[in-house]
Amino acid sequence: MTAVAVQPSLGRRFVAGLGTPSGAVFLLLVALLVAVVVANPNFADPNQLVRFLARTAPIAIAAIGQFFVIVSGEFDLSMGAVIATQVVIAGNVIGQDEAMILPGIALMLLVGVVVGVVNGLLTTVAKVPSFIVTLGMMLALYGFVRFLTGGAATGNPVDSFREIGRGLLLDTIPYPVIMLIVVGAAAWALMRAPYGQTLLAVGDNPVTARLSGTRTVVVKTSAFVLSALAATVAGILLVGYAGVHPSIGQGYEFQAITAVVLGGAVLGGGRGWVLSAAAGAISLELLFTLLNIAGIDATWRPTVQGAIIIAAVALGGVAWRAARKPSAPAAAARAEDPDPAPPSKTTTPPITTTTGEQ
Amino acid sequence: ACSTDGSVDPSANPDTGTEQPAETQASGEWFDQAVYDEQFEQRSATFEGDPETPWLQYIDGEMTDTAEWATDEPMRACFANASISNPWRQTGFITMQQQAEALTESGVLASMEVRDAGDDDNTQIADIDYFISQGDCDAFIISPNSTAALTPAVERACETGRPVIVFDRGVDTDCATSFIHPIGGYAWGIDTAEFLIDNLDEGSNIVALRILPGVDVLEHRWAAAEKLLTEAGMNVEDHFTGADPTEIKSIITDALSAGDVDGIWMDAGDGAVAAIEAFEDAGAELPVITGEDEMSFLRAWQERDITALGPVYSNFQWRTPLLALEMIANGEPVPTEWVLPQVPVTEDDRDALIEANEGMPDGHYARFGGEDLPGFPDAWQNR
Amino acid sequence: MSAVVGARPVRRRRLSTTAIVYLVLVAVVALSAVLVTAAGKSFFTAGNLAAILTLMSILGFVAIGQTLVILAGSLDLSVPYVVSTASIVGAGIMAQGTAGILPGVVAALAVSALIGLANGLIVTRLRVHGFIATLGVGLIISGWLGTSFQGSFGSAPPEFRTIGATLIAGVPLSTIIMLACAGLAALMLHRTRLGHHLYAVGGSAQVARLSGVRTQVPVVVAHVLCSTLAGLAGLLLLARTSVGSPTIGSQGGYDLMSIAAVVLGGTLLSGGVGSVLGTIGGVAIFAVLDNVMSVLEVNPFLKDFIRGAVIVVAVALYAWRSIQRRPPRFRKEAGA
Amino acid sequence: MAAARPLHAPVLRASGIVQSFLGTTVLHGVGLELRAGEVHGLVGENGAGKSTLMKILAGAHQPDAGTLELDGEPVSFASPIQAQRAGIATVYQEFNLLVDRSIAENVWLGREPRRGPVVDRRRMLRDTQALLESIGAQGLDAGLPVRQLSVAEQQIVEIAKAVSLDARVISMDEPTAALADHEVSLLYRIIERLTERGIAILYVSHRLREIFDLCTTITVLKDGTHVGTWPAAELDERGLVRRMVGRELSAFFPDRPEGAELGEPMLELEGAGNGFVDDIALTVRAGEIVGLAGLQGAGRTELLSGVFGADPFTRGTMRLQGRETRIRSPRQAVRAGLALITEDRKGQGLSLSLSVLQNALGVVRAVFPGRTGAARQAAPERLAELALVARGLDQEVQFLSGGNQQKVVLARWLAVAPRVVLLDEPTRGIDVGAKYGVYEVMRRLAADGVAILMASSELPEVLGMSDRILVMRDGRIVGEVPPTSSEEDVLALAAGAEAEAAA
Ligand SMILES: Nc1ncnc2c1ncn2[C@@H]1O[C@H](COP(=O)(O)OP(=O)(O)OP(=O)(O)O)[C@@H](O)[C@H]1O
Ligand SMILES: Nc1ncnc2c1ncn2[C@@H]1O[C@H](COP(=O)(O)OP(=O)(O)OP(=O)(O)O)[C@@H](O)[C@H]1O
Ligand SMILES: [Mg+2]
Ligand SMILES: [Mg+2]
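Residue numbers (my numbering), protein chains in the order written: chain D, 1 to 358; chain F, 359 to 741; chain C, 742 to 1077; chain R, 1078 to 1580.
All clues given are correct.
Computed footprint of chain D on chain C; a stretch qualifies when at least three of its residues, placed anywhere within it, have a C-beta under 8 angstroms from a C-beta of chain D:
(1) 857 to 871
(2) 883 to 894
(3) 991 to 1004
(4) 1039 to 1045
Cβ-to-Cβ under 7 angstroms is the rule here; a few derived chain C residues that face chain R:
(5) Arg932
(6) Arg934
(7) His937
(8) Ala941
(9) Gly944
(10) Ser945
(11) Val948
(12) Leu951
(13) Ser952
(14) Gly953
(15) Val954
(16) Gly1013
(17) Val1014
No lab work stands behind these hints, which were simulated from the structure alone.
Beta carbons: idealized from backbone N, C-alpha and C, even for Gly.
Please model the entire structure based on the sequences and the hints provided.
Here you go:
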């Protein structure tokens, strides 16, 4: 006789899901979209929307990459430097030579893989905290690339390569949007696949994962590789969109982490939805657009961004703790709840324990 | 003699003399009528010296007597550089290194020790103090990271009694042997604003793309331009871009979605291509644009044949400090304030400049003035 | 009884991490001296040592504070903006002259402490991860700085500036103040309840709570002290530069550099283990490294590369030895 | 030791305590009275609410309803510190020690002695040393970091900490869970000293023998309700179990299957060893359950982790199903058909914030991703077979009680159909009913031809379940005894000559 309840219906799970921080970001996304459209009705034009999406694709893809690392319990601060590196490679290696496009892309992917593997192995095998590893990688990459190029990339790569970040499929849908959809779908599938679940398990408890036969070194390292590859894709899109410049990619790591956290993932690992990370990134861009439309000085932008992430994370935590309180009157009776549980490691609906007979 | 107070005679120090008691600046008020007027004049002033070597030209004025430093011995120069963190500085630094090499050949320089402060005031102060205390510098060259903060350190360098040459950005003291700089930011602002006003109708929409706030050299450019543009009845909105082309593109795209954009004003040229592309991607008519003598901008300008101007913050000024040292070694007087010419690139000389700089990377500056140095062109091409 | 507590193998006293940090420092100094001498210059001159010590002092202040915060299990990414804020506030008030020195110092430190309090309360009361909380607060302040101040602001009277330029027996006054702060911080950590509780909370907040420690207090205090120390760094920068600057903090990259120095000093990023003494060692390693790279005129871009590599390699070194291995019971490789 | 003492007035009285988590009430108006100098046993199945009640007394939880009285005065504790100040000390089920701090710092945490404004470190060390001596643990150096202590030593530090509070009431939540049988006697002596000082002890344990050895009064909880309180003398084991479980358990261990035949050797070790164990030779056959007995620290866990490749053997040979195999990582072990159920469920066995289903599929997904689909299909049924009690497959395992968590651990491993199962303390901290369930699973596996190697500190369990018993001491196997041996025989072997005197 089992006492295990059946899985709740899809609809109920959907509604329950929206209540979690990872689900709530989609509500935030919709709300911001509505606000932007109200403020600037032009924005509702599908053409505009799709262009906006194209513009946010690089950061959304970067956020997806960062998600894999964060959910495995680590940080990747080297993302922006990887993007900058790839941009420089695009300019210097591909340049104006169409024949170099494929070798160039291959080189960029290889560089991405190498960076990810080095980050991953230093974190897992050498046991250096990933914050430090990727900080070091960031310094080293920025320094090395600029050292090699004397700080200046040759120039924009050939236009046919830049089409990836600039062009439209059938004159309607920008390639970056397609790329975002493909990456998003792949990431979603990956998180549902055994690999993604194992990644979650490694983030939750690496010891358990190892004793379950998980190659934690391989799994975590591959998360770093995915992150570096996402940065590579973002770099390819950005160099297409905007051309070569040393400042491209700067700050992307913090932007991506912000997006992932806004998407309800928990720093420390084990929890979060990958598409929420992308939604977090898009929400952030929508917010900036809104500020712009509202005529707020761009210099205030960091302030708003700072306030938003603090509020989002705090509210996420509060919402979760409120859900844990038994019922309204009882909750009122102990306003001061010195709950020992760590802030936001947990995000599921309440449980009830049924008693089984033997 | 060094003066420590901030109230330096502004006319002696046009580009930076506006660093008045800083409280007034806090409000973002960068405009200074007197300096503006002076630079307005200097744009059409006559420059002493050979126009073939603009890096040696200067506007007639007070000279510093350098007889006390005359020497036949090669000099050990110590250069405290703010950074080489942007293409303009990189190009200039290459020119400077090439110049140093040439002067070493000719026996003027024994060595040039360089310290790079990595954009940090504190590091640069430490660098200067190190140069002073190690004591084996025959002359100091300083490219200050910021104006007010470096003033005390420059004063300490002056106190050693050796020649001190300050270039690019100034400091709030007139103790330096020579302060070398192009005419200045207001001149840039006047040139560009006049160009836009001449080429656009009243009431046109102009988007100004600015790198970042708070840098005097950049702020002066905009202060002058904004004044003229608004006076001429233009609709201007300005944005900070961090020089990031992604950001530039987004700003233009948003602006185009809200209405027409007729003109683009930039305080540096290296993002101009992204701005132009944003118009192309949106299928909008290309604007009248002011960029810089940066190669990517000049090339884009040539390719698309737009209406444009390339204002210049003369990159060749990086040669001048070392050449000033040569003059000092010879005991020749040097201009106390050495104002270099600053001639915008127009459609007329654009093509010639592009040809002269064939093979140079984007991020190179057309008026870099190093064509006669021994390493040309490899040193600039293979960075 | 003896079977319970007696059977354990003899516990070897191992070299402490701090000792290793200082060994690394000695090695770095020795190597630097050799390299500098090989380049035909001298390392152990008064001027050069003063340069290194000066370089240490600013990062030192920030890193001491960062140590406290990291030990308590949090993180502070807002320090660069606190540094700038303190320099702005101090310079604004001191612009009136000598009479403004004391009020300027007090106000700058008070504002810094308030920012720290905000950080601490967001971390403890709103239960936002220190990374996010201080990133957010840093962004908030940077927006304010960027909007309200452009270019330098205010000024420091000459009397105040002497702090930045005074040497006592060849040691910059700023370094002496920094070392005094380090001493006080170490004393606080090891000799006060607060210090013990700070370690406890960083080690395990749950354990600390169940032991009756008010877990929020050490975290808040650590954040307040960290910001106050960052404020001191800002004031010192004010003394050196003579004007307030809204970007002076971000110019130095004090957020990531201080964290790197703390970790280089052997403190665990996850909290609960480490020392101020180690951090000073870490800061010194950075300073010597930077100094020797400057003396050797290493390409500035290569400098960043080397810095990054050194951070990772050094921390890998500590991590390698601190992987907790139980002492083996059987050492021989052949079966008995 | 259970001799009746004169009853004093209650020191601490709890009544009508109601506590709920997440809308589920786990204590329904429970009451309890503690008297000075008594050892009060608190028993009940897993999830009955024992730990929760203790945490309420300790001020770690605030009850939704109910009152606490200390010496007849109503009190309420908003935090652990208030409870401690009031004289209630607690030794929690999970260790609450800072592993990177010294014993002394741990003992005095939150109340460091001061001289003037500074902490008096010397006095801290001296007092701790004296304290350790007073409870009979003179071998421990108060300055040692806790990380270097064995589990038993850590338990002593926990108790020292409680004693140092000068508490009038000390609650202990399964203090012996991590101790081997003979080490428990040290605890007995400590508890005796405490009761002599008039301290009331609330004692939670699943080991009924301890309850009868120590307690004067016994309170039984079941599903968060108070079943009753009796003088220990009025109860026997059978009766106590009936009150706990609500029915009579016919036997503690499932019967051995009649005339079952042992199969081929599945796991053979010869001269195997690493840094922690040496010269290990053993054989486990298909269908056989081999018990590993030994004192705390004898090296049983190390032996299992050596077999499983977590601490790979560096010498000797291992054969699996007759084929020589070298296992260098847990992954290889899993692929070779091994399973390891660890002694530390929360730290090593489960992903606590993942769901029941995610945990149940953890091993399959990690090692045989191709079989995930089938395993997912089979999961609900397998969990049902194990009689898992949970709200749903998407419930996070951290909210399950210990017994149910162990069932999820079993489900994880059964999903990959292992041929050799290594069990380390398979019933640590789980109640009699759940224990029986685990034993049944073991029997069923053996019947299916699985080889089982089980390390346990509970001698009755080893004797009751094993077909053969290997005894370890100091990292070596020192002998083999049949399941018909007495506990004393096993202990004598495990402890060597030294312990024989004690036994
Ligand atoms: N912090 C919590 N949040 C949610 N549920 C909890 C919490 N603590 C305990 N529970 C639930 O309360 C019930 C009682 O748990 P408790 O730990 O008191 O049982 P126990 O009698 O100590 O069991 P065991 O013998 O397994 O230790 C269990 O169902 C448990 O899942
Ligand atoms: N954290 C630790 N640090 C150092 N030595 C330890 C530690 N934990 C255990 N030991 C030592 O390692 C050896 C084996 O310990 P372990 O507790 O794993 O054995 P065991 O036989 O599995 O006992 P049990 O399963 O009852 O815990 C013992 O000598 C013990 O003292
Ligand atoms: Mg319990
Ligand atoms: Mg064990």
